[in-house]
Each structure stands twice: as C-alpha cells, then as structure tokens.
Amino acid sequence: MAEVTEEKVEVKVKEPKEPLFSKKNKKLLTDPLADNNPITIQVLGICSALAITAQLKPSIVMAISVIFVLGIGNVVISLMRNIIPSKIRIIVQLVVVAALVIVVDQVLKAFAYSLSKELSVFIGLIITNCIIMGRFEAFALGNGPWKSFLDGIGNAAGYGVLLVIVAFFRELLGSGTLFGAKVLGDPIEKTGLYAFGYENNGFMVLAPMALITVGIIIWIQRSRNKELIEDH
Amino acid sequence: MSLKNKLHNLKLKYKDKKMAPAFNAIHTFLYLPNEITHSGAHVRAADDLKRTMNTVIMALVPCLIFGIFNAGYQHNLATGELKEAADSFFSGEFWSWANASIGLWKVLPLVIISYGVGLAVEFLFAVIKGHEVEEGYLVTGMLVPLIVPVDTPLWMLAVAVIFGVVIGKEVFGGTGMNILNPALTIRAFLFFAYPTWMSGDKVWVHGAVERAGDIAGGAQLDAISGETVLGSLAQGKEISYGVSDMFLGFIPGSVGETSSLLILLGALFLIFTKIGSWRIMLSAVLGALAMGLIFNGVVSAEWISSGSKFYSLMSTEFWHHLIIGGFAFGVVFMATDPVTASQTNKGKWVYGFLIGFISILIRVFNPAYPEGVMLAILLMNVFAPTIDHYVVQGNIKKRMKRLKLKTA
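Protein chains in written order, with the working numbering: chain B, 1 to 232; chain F, 1001 to 1408.
No wet-lab data here; the hints were simulated from the structure. Where hints are given, some of them may not hold.
Rough simulated footprint, nothing fancy, chain B against chain F, three-plus residues with beta-carbon under 8 Å [said to hold, decoys possible]:
#1 1189-1201
#2 1297-1306
Mimicking PhoX-like on lysine-lysine, the simulated pairs with C-alpha atoms at most 25 Å apart in a straight line are [what the hints assert, rightly or not]:
#3 F:K1018 x B:K226
#4 F:K1050 x F:K1274
#5 F:K1346 x F:K1398
#6 B:K182 x B:K117
#7 B:K226 x F:K1129
#8 F:K1006 x F:K1106
#9 F:K1006 x F:K1017
#10 F:K1017 x B:K226
#11 B:K226 x B:K27
Just so it is clear, CB atoms sit at the ideal spot from N, CA and C, and this is done for glycine as well.
Isolated chain B, as found in the complex (with noise of 0.2 Å):
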C-alpha cells in the first residue's frame, strides 16, 4: 500500500456538475483494465491470483466477488471520508472490507457450497488482498461515492479480467478443459486432441505456471505499450 498515496486528490472543490458518464468518469471505470491494470502494471493482488486460477470457474467466482466488494467498499468509504480520523482510517477500512466479504462468503456458502469449498480460504482472505486497500487509501478517502464507485468496479474488472485469461489457458492447456467441458477431448479414452498422443501439461497446474503466466501477459502489453515500460 505504500505506493499508491499519489492519487490522492487535493481538497474537495465545488465542481460544476458534470454528467455520469462524462470523459473522465468513464476513464476511471477502463483505464484499470488495460493500461492501469491492477495486476499487470500495479503488481498487485497477485497472491490470489496465483493461488486461484487453475480453473475458470472459481475465478469468475472470484472476480465477481471483488467487484462487488471493491464497488460497494468504495462508496461506503467514499461517504464516511469526511468523518474518519486519520489515525484510524486503516481499521475503519479493514471493518469495511471484513463486512462485505463475510456477506459474500455467507451468500457462496448458502447458494453454491462446492464453488466456497473450493475457493475455501481465499474469499476470507479477499481482506488482505492490496488492491481493495490500495484502492480505499489512493481514491475512495479523496473522491466522492460516485467515481469511487466507478473506480472500485474499473479496479476490481481489471483484475478479474486477468484472472480469467490466465484461468483460461492455465485450464486448457493444464487439464483440457473449460469450465470442466472437455474441449479438447477425452484423455482416458484418447478421443479428440489425445488421439494424436497430445497429453495435459501438469505444470500449468501448479502455481509457478501461473506467476510465469501473469510475466508472459505483462511482457506482451508492455511490448505492445512502450510507455508503459518503467525506466529505472
């Protein structure tokens, strides 16, 4: 969280209205997904994503659960911004955070208890996750409900945006499948693909595959973005 104090928007102006969907309003919800993206330029968030990806379906599970979490953390933190003392803000945030993903995990373990067994201890662990608070200190504590809410759902997509590539090929190419669906065929029987003598890569399912993937994907945007490339 150190590094994301830079955003920090100087003191409320009165602002002549402007539109919902207005130019800038609509940067905060897609800028987070390609050229700000959470995971690949911010680095952050990346524990989930590793941990989480070797299926599609969790993923998509998780991704939801974040956004939801992100967009409504967000606003509440973006209405109470003005009465939180500084001092204590962190905690404030992290009760916030706690509440909303108890209530995700509550609703998973109600309606669909297999997904939260599988997810086990990563919808609990959404608390810790970086972009949630990095998002509360960097935008929510200096904007309004409005864009914060904005922001909170750009953030949030960017991220399951990119777990859901990496889940893709980390299924497909790992275990042959799509949300469970054999695509490629059968490799017991030796139908489709594995008639051929094509055979699952067992290393895309473990989770160094998964950091070598996130490293791939960041090489292609930053080969095809140049300006995204950090001098250093």
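On the provided structure of chain B, position chain F as indicated by the hints.
Just chain F now, with coordinates in the frame of chain B:
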C-alpha cells in the same frame, strides 16, 4: 570463389537489414570473420565462446555415442532379441549394428529436434531484437537429448525447448545473462509438465510404453520393464545390476547419463582443456560422499528401521551414489556451466559441495523425485550470486583490515 568469401559477401549484402544476424551467425559459425579491429592493443587468444562450446560438445560426443548403442542394447535385451548381457566394456553384444540401428532411430530425432527448435528460437530472437545470434545454445542443444528418456515424444521435447530457451534464457537477456542452466530448465519443465513420460519403469527402455499398451489391448507378450537403478532403490526393490555395469553404463537411464566411465573421460578432457572447473567437480563429489557417509552412519547406528521407505537408498553404499542416476553427468557437464555457476574460486568450492550434498539429500528423502541432481543444481544456480557476493565482501574486508594494520 570460396565458400567463406561467398558467405562474407552475403553477410555484407544483408548488412543493416532485418535478417543480418542470421547470415552473420552462419558465417561466424563456420569461419573466423574477415573483419579485424584496427584501434588499440589487443590480446590475441584462440579461445572464444565458440571454441569453448565446441570443446564441451567434443567432451559430450562419447556419451552420445554410448547412449545410442545403449538405447538399442537395452531394447534388444528387454525384448529378448539379445540373449546374453554384455560382460565387458568392449563386448560384441553391446557394440553391434543391431543396437546402433535402433539407437540411431530413436536418439537422432531427439538431437535434431533439440537443435532445430532451439536454434530457431535463438535466430528468431536475434532477428527481432537486432543483436547477433549467440553461441550459447550449441551446448544446451547437445545436453538436452542426453538427459531425457529415450522414448520422450518429440513434440513434448519441442515444447520444453521453446519454454526453456525463452523463459530460462531469453527473458533474462540471452546467453551469459541467464540465472538457471537452460538445459536443466528444459528437463525440469518436462519433469513437472509430463511426469508420466519422465519417471516410472516404462520410459527408460525404448518400446516399453508401446508394449504395455499392446498387453492392455490383449496381446500375449511379456511386459518390458526397465526401472533405473535409482528408481528401484527408491521403491526398495532389489537391483540386478553389478557395480561394473553401473560404472560402465550398461543400465537403463536417460540417453547419455549412464556411463560413468565416459563421463569421467569427458571430465578429464574438460579439466585438461581448462574449460570445466575442477573445483566444482571435486567439491560436488566430496559433498555427495559426505552426505552418503552421513546416511550410512545413520543406518549403522540403527537410528532407522529397515521398514522405513528411506532405508534402501540410505543404506546404499556411499560411493555408489556417484555412479548411479544422473549425478556424474550433472556435476561434470551442468554444474560447471560457467554462466550459472559461482565465479569466484572460493565460491566454487561452496557451490559444488552444496550441489553434491543436496543431490543426495533429495535422492534419499524424496522418493517421488529420486533424481536429485537436477533440482540441486537449479537450486544452487539461484544461490550462486549470493555465494559470490559473500566471497567478494569477505575479500574486501580482509584487505581493509590489512590496510588498517599498515596505516596504523
């Protein structure tokens, strides 16, 4: 016009074009370049990177030839074509055309795929990044076919080579910049991605997998099994090979790793030409012996019961560890890789010793991955810069102290 001049003209024609590195590489691979530098004083020496690489390849050739014969020999022995096992190193049962033909049929494709795919990736990167093609892959390409099982499917090898060269080397900046040994990165990738093709008792002898499929289909045949010595020990089975078999290399295993005798020959050649570091080789052997002795001590002190799953590998005589599995091959040809090993002389002792020590540790305590030397070398590759750092710092401190004594 000679070939050299033709290549030189071709190189000049494509200069500053996109494909320039490719033509440059072909020219410099075959001949010394025509250009000479004009300014400054130079030390003239013949040992450039190309010659270093070629020396290692020469040291590997005996292992490759033995591996070709051994692939056929193990196949013929297992299928019953060959009635008698070879009894001496120059035995006619081993050095026969029947063995060589099967061996060539299986091993040459591995070599061709390894070089073809690997060099294609190297050329591609050189053309895209606009630098010259580096010679680094020459040795890697030769090592790769020697450290995989003979029946490895070719497409798997190709995938692994692409992965190893791109992720193991090119992303760090190419030859000389890599952290991990590319050949071992390739093998580790194969090992974790396709474990059924890299371990077990079916992959080490050509034809065993096919035969198992036929038997499952209802054919009336004897199953071929060719467990490596290490694999049998890890499972606590009896081994049917004598020490001389293990030393000479008449055992199943990866293509080029079986013959400790020829590896020793290669090691002497590398030490004689000063290409390989004798410090690393010697200290790795010492490390392995030390760990082996510790385990033998544990067994003779009866701290471990014979029912334990670690017992049979722990009770293996300590010096046997040197001649079974890929230990000798890894230590001689891969731990000494000048890029990924420690650079300082003191560091080399520590680096080598820990490779030997950890190899045997992994061998004994991890029966699922009995080939510890691969993981040990990769681990120490990562730590090599740290070791060097402390050696250099220690030296600086020593000199500072001396300086203070003098001035005081």
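Outcome of the hint check:
Here's how the region 1189-1201 of chain F fares: 7 of its residues keep a CB closer than 8 Å to some CB of chain B, so the rule of at least three is met and the hint holds. A stretch counts as covered by a chain when three or more of its residues have a beta carbon under 8 Å from one of that chain; for the region 1297-1306 of chain F and chain B the count is 0, and the coverage is violated. The hinted pair formed by K1018 of chain F and K226 of chain B meets the criterion: a straight-line CA distance of about 21 Å does not exceed 25 Å. For the hint linking K1050 of chain F to K1274 of chain F, the alpha-carbon distance of about 15 Å falls within 25 Å, and the restraint holds.
Distance restraint check for K1346 of chain F and K1398 of chain F: the Cα-Cα separation of roughly 14 Å lies within the 25 Å cut-off, and the hinted pair is therefore satisfied. Between K182 of chain B and K117 of chain B the alpha-carbon distance is near 22 Å, which keeps this suggested pair within the 25 Å criterion. Of the pairs offered as hints, the one joining K226 of chain B and K1129 of chain F holds, with about 15 Å between alpha carbons and a cut-off of 25 Å not exceeded. Distance hint between K1006 of chain F and K1106 of chain F is unfulfilled; the C-alpha atoms sit about 36 Å from each other, more than 25 Å.
A distance of roughly 18 Å separates the Cα atoms of K1006 of chain F and K1017 of chain F; the hinted pair therefore holds under the 25 Å criterion. The hinted pair formed by K1017 of chain F and K226 of chain B meets the criterion: a straight-line CA distance of about 23 Å does not exceed 25 Å. For the proposed pair K226 of chain B and K27 of chain B, the alpha carbon gap of about 20 Å is at most 25 Å, so the pair holds.
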